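One letter stands for each residue in the lines below.
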Amino acid sequence: MTLSDLNTPDIDVDLLIIGGGLVGSVLAVALENTPIKTCIIDKGEDIDLSDADFDGRAFAISASNKNLLAAIGLWPVLEKDASPILEIRVSDGPSLLALHFDHKDVGDQPMGIMLENRHLRCALRDRLSSSQRARVLAPASVEALVNAPGGVQISLVDGRVVRAQLVVGADGRGSQTRAQAGIKLTRWPYPQTGIVCTVRHQRMHMNIAHERFLPSGPFAILPLTGDALGVQNRSSIVWTERADLAHVILDLDEDAFRSELMRRFGDFLGNIEIIGSRYAYPLSLQFAERFVDNRLALVGDAAHGMHPIAGQGLNMGLKDVATLAQVLAETYRLGLDIGGSQALSQYAKWRRFDHAAMLLATDMLNRLFSNDIAPVRIARDVGLAAVNAFPPIKNLFMRHAMGVSGDVPKLLRGQPL
Amino acid sequence: MTQQSCDPTEQNTSPQPTSGTVAKDEIARFAKISDQWWNTEGKFRALHELNPLRTKFIRDHIARHFKRDPLEERPLRGLRVLDIGCGGGLLAEPMSRLGAHVTGIDAGATSISIARSHATLMGLQIDYRHYSPELLANDGEIFDVVLAMEVVEHVADLSEFLSISSALIQPKGAFFLSTLNRTLKSLALAKLAAEYILRWVPAGTHDWRKFQKPSELAAYLRPLDVHVQDLKGMTYSPMADTWCLSDDLGVNYIMYANRSL
Ligand SMILES: Cc1cc2nc3c(=O)[nH]c(=O)nc-3n(C[C@H](O)[C@H](O)[C@H](O)COP(=O)(O)OP(=O)(O)OC[C@H]3O[C@@H](n4cnc5c(N)ncnc54)[C@H](O)[C@@H]3O)c2cc1C
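Protein chains in written order, with this note's numbering: chain Z, 1 to 417; chain B, 418 to 678.
Next up, chain Z with everything else stripped away, as it sits in the complex (with noise of 0.2 Å):
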């Protein structure tokens, strides 16, 4: 069967991408400067971002990956609610300045910026809703799924049918693509969930991060924008706690779940206050067996899940987004099939090494993390500090690496496609 056998598509684009959170839709921002139309699916409700609550949730951005939403437009809208991370303060356990690290030791970009959840999906809607090029369908889901010769023809639950070159799942940990595709998971679950919350406090925090390395695991304090005094009194909290613990400490009521949190969080902020929510994560390890397939690439989670350890998540999704916006972009320029094995097998490569290096880099910190001895709990520190706090190093051993597999993204150079 070819696709001119099937029926005619309601909706003929280049690319459909399966999936509008986070990394789908900044995909399709990515591409919205090239010739490449894209047509997005999502199964959640469009809903208005803009009067949703406070929710709380916030991302570490890494610096390429500030370069990134440069690049394409969106950091004009989200300077403003993006706050500097200018020092990482680590520490084991309760003593507080181990290891500290400062933005001036390793030039004069910030180590990387916070921006919540809400700023970064709010900017997104805006500028999907008036794209001439991407188009957005929501709520909407795959029925079925046709792979013939020349791409790829999808119909969807409400009866559309969308014709696309290339298809991406960027649908979350559990991609529904990537099963359906037949690529296979492996996973290493870890007995521990991520709470995350936002708290006010008495002091300024100055701009500074601090990652701790509690027994039960991770905890860290982000810094977030300030409130609408413009005082700097607002941070992030993901705090890594046993499963089993946890879903006790989220039960909590508001008092005790503050004294809770003092207690890992400490004084040196002054006093402080929970605003907004509380949520509860379960945290996993994953990785697709392979990225690519038939006329189907694989980014952010669908591929691969981190442990927020060293919070590199969504910075992982942002940087396949750059590698595949450029591999795409050039190939459809040349004429070339963007759905073609070529294309799909530049992008795996190119991406290879850094998935391969994250997946050790995180595997190792969890061995280190998940153990009592002195010597390791000193080298803690260390690891953290290679993977968290010195993009420099990583880059440098990335870039030595990527001499092989090809130059670094251009979006992550800040540079147009």
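For the record, the hints were derived by calculation from the structure and aren't laboratory data. Hints may be right or wrong, so weigh each one.
With a Cα cut of at most 27 Å, we get these calculated DSSO-like pairs of lysine-lysine [said to hold, decoys possible]:
| no. | chain 1 | residue 1 | chain 2 | residue 2 |
| --- | --- | --- | --- | --- |
| 1 | B | Lys649 | B | Lys602 |
| 2 | B | Lys484 | B | Lys602 |
| 3 | B | Lys630 | B | Lys589 |
| 4 | B | Lys473 | B | Lys589 |
| 5 | Z | Lys410 | B | Lys649 |
| 6 | B | Lys602 | B | Lys627 |
| 7 | B | Lys602 | B | Lys630 |
| 8 | B | Lys630 | B | Lys441 |
| 9 | B | Lys649 | B | Lys589 |
| 10 | Z | Lys37 | B | Lys473 |
| 11 | Z | Lys37 | B | Lys589 |
| 12 | Z | Lys349 | B | Lys473 |
| 13 | B | Lys473 | Z | Lys410 |
| 14 | B | Lys602 | B | Lys460 |
| 15 | Z | Lys349 | B | Lys460 |
| 16 | B | Lys441 | B | Lys589 |
| 17 | B | Lys484 | Z | Lys410 |
| 18 | B | Lys627 | B | Lys441 |
| 19 | B | Lys649 | B | Lys630 |
| 20 | Z | Lys80 | Z | Lys43 |
| 21 | B | Lys473 | B | Lys484 |
Everything numeric in this text was worked out from a predicted model, so none of it was measured.
With chain Z held as given, fit chain B with the ligand onto it using these hints.
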């Protein structure tokens, strides 16, 4: 001149593109492997890997020559492009997607039928013909751009091939040619290593004596009013496992020329 095709798998299709410029043993050699044209890991793997590079060289020169933006949606729109020795359509398809009206000719009937069905699958309209350049010239056809990629090393009479090809270029039109240089390096790399050691291309694909030096091609073209404008090497970097354009013309090279009158 015989009217019998050397393609063992082909049916009696007409017209038969046989002439002095088409080497019969070459057609037979390609016919054996032509079902592999679109297998990126098969016998034409090296050609697939070269394809983005030569496509970029061609697109960028055409865009500059015809004053277009190479990054816009269809930079070749409206241009008539002839692909001589189009094989399975590896280059004709991208030219068509970039907006050109493409005519692809090849001496192998199997290749042409593969090219045709592949274009249909991809939803592209390309005029593929089992035809020769001299037949096109007899028909009085003329093109804005003529491509002769990796063919001159396979033709029987180079001088005749080049004069007929040149006649098919519109005055002020563009001509692209890529082939292998006749150097010791190309003998070692392209012929011996690629055919016998790395097995990139089937053994016996190339006859080193038919390889041309860029200066020899330029000398053939000059009296035909076709002048070389740019010349680049296409070199393989084993470390990065990629091909790139370079100034090393020692093995594979690509040439861009203009017809003045
Ligand atoms: C506690 C915690 C803290 C974290 N902190 C950080 C951090 O500081 N920095 C960082 O970089 N990362 C962090 N991460 C990771 C980050 O949240 C994820 O990596 C990122 O959100 C993944 O985005 P995504 O778009 O790939 O997937 P998702 O956000 O899961 O989006 C998937 C989308 O696909 C849609 N969908 C799903 N299935 C279908 C279907 N069948 N059909 C149609 N649509 C479908 C969903 O509705 C959703 O919109 C953290 C994660 C956790 C758990």
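We went through each hint and held it up to the structure:
| no. | hint | verdict |
| --- | --- | --- |
| 1 | Lys649(B) - Lys602(B) | 16 Å, holds |
| 2 | Lys484(B) - Lys602(B) | 37 Å, violated |
| 3 | Lys630(B) - Lys589(B) | 25 Å, holds |
| 4 | Lys473(B) - Lys589(B) | 21 Å, holds |
| 5 | Lys410(Z) - Lys649(B) | 25 Å, holds |
| 6 | Lys602(B) - Lys627(B) | 15 Å, holds |
| 7 | Lys602(B) - Lys630(B) | 12 Å, holds |
| 8 | Lys630(B) - Lys441(B) | 23 Å, holds |
| 9 | Lys649(B) - Lys589(B) | 21 Å, holds |
| 10 | Lys37(Z) - Lys473(B) | 21 Å, holds |
| 11 | Lys37(Z) - Lys589(B) | 35 Å, violated |
| 12 | Lys349(Z) - Lys473(B) | 21 Å, holds |
| 13 | Lys473(B) - Lys410(Z) | 18 Å, holds |
| 14 | Lys602(B) - Lys460(B) | 22 Å, holds |
| 15 | Lys349(Z) - Lys460(B) | 21 Å, holds |
| 16 | Lys441(B) - Lys589(B) | 33 Å, violated |
| 17 | Lys484(B) - Lys410(Z) | 26 Å, holds |
| 18 | Lys627(B) - Lys441(B) | 15 Å, holds |
| 19 | Lys649(B) - Lys630(B) | 13 Å, holds |
| 20 | Lys80(Z) - Lys43(Z) | 31 Å, violated |
| 21 | Lys473(B) - Lys484(B) | 16 Å, holds |
When each numbered hint is compared with the structure, violations occur for hints 2, 11, 16, 20.
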